[in-house]
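Protein chains in written order, with our numbering: chain V, 2 to 115; chain A, 2 to 115; chain G, 2 to 115; chain F, 2 to 115.
The set of hints was computed from the structure by calculation and includes no laboratory data. Each residue gets a CB set at the ideal place from its N, CA and C atoms; glycine is no exception. One thing to keep in mind: the hints can contain errors.
Between beta-carbon pairs, the in silico distance windows are [stated by the list, open to error]:
# : chain 1 : residue 1 : chain 2 : residue 2 : range
1 : F       : V110      : V       : I67       : 28 to 34 angstroms
2 : A       : A57       : F       : E90       : 47 to 53 angstroms
3 : A       : V110      : F       : G113      : 44 to 50 angstroms
Output of the computed footprint for chain V on chain A, the stretches with three or more beta carbons under 8 angstroms from beta carbons of chain V [stated by the list, open to error]:
# : stretch
4 : 5-12
5 : 20-31
6 : 50-64
With the C-beta cut set under 8 angstroms, the calculated list includes, among others, these residues of chain V facing chain G [as the list claims (entries may be wrong)]:
#  : residue
7  : G26
8  : A64
9  : T74
10 : E75
Number of protein chains: 4
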Amino acid sequence: MATDAQQACFEAGIKFGSLYHQFAGTPVSPSSTRSLEAAMAESIENQPFCESVTVAIRDDRVADAIDHENDYTELTGSLMDVEMRIEHEGVTVHTRMTMTDGYPLMEIVSIGDD
Amino acid sequence: MATDAQQACFEAGIKFGSLYHQFAGTPVSPSSTRSLEAAMAESIENQPFCESVTVAIRDDRVADAIDHENDYTELTGSLMDVEMRIEHEGVTVHTRMTMTDGYPLMEIVSIGDD
Amino acid sequence: MATDAQQACFEAGIKFGSLYHQFAGTPVSPSSTRSLEAAMAESIENQPFCESVTVAIRDDRVADAIDHENDYTELTGSLMDVEMRIEHEGVTVHTRMTMTDGYPLMEIVSIGDD
Amino acid sequence: MATDAQQACFEAGIKFGSLYHQFAGTPVSPSSTRSLEAAMAESIENQPFCESVTVAIRDDRVADAIDHENDYTELTGSLMDVEMRIEHEGVTVHTRMTMTDGYPLMEIVSIGDD
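Make the full structure from the sequences, and use the hints.
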């Protein structure tokens, strides 16, 4: 009923919601950003049709979010940029999450044949 | 670039991934299924374009998953059925998750004009 | 090796960490606070030795955390007060989380015999 | 009111509950165990009084938990062993989680002066 492209977009959305809500709230500091990025990318790449995930947690934003009382903060969408490539039945969907007008926006970048 | 229907499918996927990974692992027993169902539905309905969420945690499956040493288990996809309705730019997408061949399968049921 | 009171404090800590990190990041609005409070309390009460959990998500703080672009925010410790009673081997531990000096502080309120 | 040792045990429990419920449900396969272990340990070490965390996700148990339909499973306590060292006001608490009688058991190993 759904086209291959619609199905690929559905799968792409699943991966984004999964990544965000699995890891939101994780304690993070500038010294632990690299390991968290790697784990987020590799864990979501396990999911079906998920060919590539890149997570960039911004050290400067993490540092800014840490106040004088603590040495860490909790991961939220505003601290990271994410890109993903989903492939499903010959359709490739690129998605990303970046800060847009002060909010982390999940969006489709392109949909195309392989 | 994406059509309204493709965008609606992307949004529908986001909601499914969010619901699953926010609540997977929650301690659950037959006495707490109703409150967890309500919280899951109402929390995800807060998300943009999400018009309706129905969560049915199966008491019998929860009871079967609890062994003699504990009084509870952890929520997984195999313990619940979920239906959602997403509306985006005049397109309505119905999705569901049900056990299929022994696995919880997230799928698009229909895509249509309002 | 650990005394009953030390063991009870360990168990009390487990419940607090579980509650916080299971539910942090959940989408919440003033219209969904009651169902989320109920689910949080009932789910954690499933855990061993956890006799009572009370969660009060503050509607006013939730409303303040919501900006004009969205209709919801994500649950964090600053939006709620929590009280718990853990009982282990005849020792009762009361704990709570409240905002203290601008931070959500998890603390032991009392330890005593039943 | 609580002794330093009781307070240290409370803090030790918080870390265990946090680690478990932040990461339970994460997609994992034998190819992504190392990055997930590192992220779990480094993120929880950010928390106050948490001096050291070691997470060992057992590749053989992960492989056994993966069935023929999927290439991954979801992280649960049965797939990993965890050790932690918490230090609070001169008291050191060692804790661990290992499979005991078929269940992942969180326990205090020792409590002592530094």
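Structure-based check of all given hints:
no.	hint	result
1	V110/F x I67/V: 28 to 34 angstroms	31 angstroms, holds
2	A57/A x E90/F: 47 to 53 angstroms	48 angstroms, holds
3	V110/A x G113/F: 44 to 50 angstroms	59 angstroms, violated
4	5-12	holds (count 6)
5	20-31	holds (count 4)
6	50-64	violated (count 0)
7	G26	3 angstroms, holds
8	A64	18 angstroms, violated
9	T74	10 angstroms, violated
10	E75	7 angstroms, holds
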